[in-house]
Amino acid sequence: MTVFERELKNGKFVCSECVNCNKLVWPPSDFCNSCFSKVRWRQLSTAAVLVEFSKKDDTVFCIAELEGTIRVMGALETDAKELTVGQELHLVKCDYDGKEKFVFHVK
Amino acid sequence: MRKVALVGTGLAKFTKDDVSIESLMLLAIKSLFENTQNVTQKDIDVVLTSTSDNSKYLSSIISELTGLTPKISHSVESLCNSGANSTVSAFAYVASGLADVALVIGAERFDSPGLVLEWDKSRGQYKHPIYWSSMFTKAHMRKYGTTKEDLAIVSAKNHKNATANPYAYFEKEYSIDEIMQSKNLTEDVRLLDCSLPCSGSAAILLVSEEIAKKITDCPIWITGIGQKTISAGFTKNTDLTTMKSTIDAATDAYKMSNIQPTDIDVAEIHDAFTICEIIELEDLRFAKKGKGSNYARNCYETQDRKINPRGGLIGSGHPLGATGIAQIVEIVQQLQEKAGKRQVQDAKVGLVQNMSAAATSSTVLILQS
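Chains as they are written, first to last, in our numbering: chain A, 35 to 141; chain B, 220 to 588.
So that you can see chain A by itself, here it is in the shape it has in the complex (with noise of 0.2 angstroms):
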């Protein structure tokens, strides 16, 4: 199990971030993209934004942006009849059963 997944069995979302021009690199790597420098693990802010959503069955799924960079898609939990693009949302739960998994609310 690499990092990504074992903090996020901890319930954490870490992201590699470059220690020398700082760059979310996401998906998670070994290096920066930018400038192939090494990476530390950072804990993302929960704050997100909606992006896109749809809906399988009764449950809502979301593309969510994280610090205005990191798109990932999660379950969104919400009673809310309607929901808009770039509306607040906060990461509750991170999990990993093989597969990532997010789950936001509305904030």
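Take these hints with a grain of salt, some might be off.
To spell it out: a stretch of chain A is covered by chain B in this simulated footprint if at least three of its residues, at any positions, have a beta carbon under 8 angstroms from a beta carbon of chain B; those stretches are [what the hints assert, rightly or not]:
{"hint": "1", "region": "56–68"}
{"hint": "2", "region": "86–94"}
{"hint": "3", "region": "99–108"}
{"hint": "4", "region": "131–140"}
Since the hints were derived computationally from the structure, they do not count as laboratory data.
Since the model is a prediction, treat every value here as computed from it, not as a measurement.
Think of the CB as a built atom: it goes at the ideal place given N, C-alpha and C, for glycine as much as any other residue.
With chain A fixed as given, assemble chain B onto it according to the hints.
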């Protein structure tokens, strides 16, 4: 750079048969040699195999099984656009003078490991292609007012076209109502909005100008090539109403061949889902942005076969590594006026657009008679 011609084609019917990748490839190669005069095994100096199958040393195995001893032999894997990409590699070998005669074979089994890209962590638990296609569909609907009926028309058109394609997996028409009522896989994508993974194979022969003259009196020239990779991860598509990789690949292909979108008589484009065809019609500049659905609707209502005459991926089925090659086979047959009931009249210039993994990469080819 030397001119490169397509002079031979072979196909095997798309099915759900549980047969080996080698057996599928043999069927298409046998078909190509039966269809192509004045070529023998000893003439082939490149063999490229296109597939996402978990196979090893496949191009050499296929060479041995078909009595070929090529100079250059390897596989090309790029998920759904492996076919067009392997063709570009073959083009480069012939155009450069490194080789004269290149055989490209694409094949896939219905249970291909290429159906899901596990690497893409940005998709979270939503790795199946129905999820990315739902995102494109929702975004296009919101921005341009595209409707579920617009999507259904693409499926109806391509299934109808496929009924004239003896190699297609699907053999019946579907009404717009049947498509509208087909099972909802998500809120935005229904079963009949999707192409179906299946088993199938296709083969083509690329040769230099000098060799082309000896083989056929109706060579089809590859005059334009464009390829673009923007990423591997789906969420790097920043604008979900468009396919940036297709725009870039098309721009390069049109420029290389010195033709305009209005010059294209017939096209095979990558309708993995109905929304893909609508967006591609716009990004290939056949229609203005937001008007792709109008364009598809007009083709359907006037029974114009210009777009996806073999039925596209939706009507023919989608054996990943074979798809790009099968698209090229169709355009070659159209430009040679050998497409039978599917023939688009006076087709002189054709286009192939083949893309991968939620449009993170695209390849566009221009073919001319």
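Status of each hint after checking the structure:
no.: 1; hint: 56–68; in the structure: holds (count 3)
no.: 2; hint: 86–94; in the structure: holds (count 5)
no.: 3; hint: 99–108; in the structure: holds (count 4)
no.: 4; hint: 131–140; in the structure: holds (count 4)
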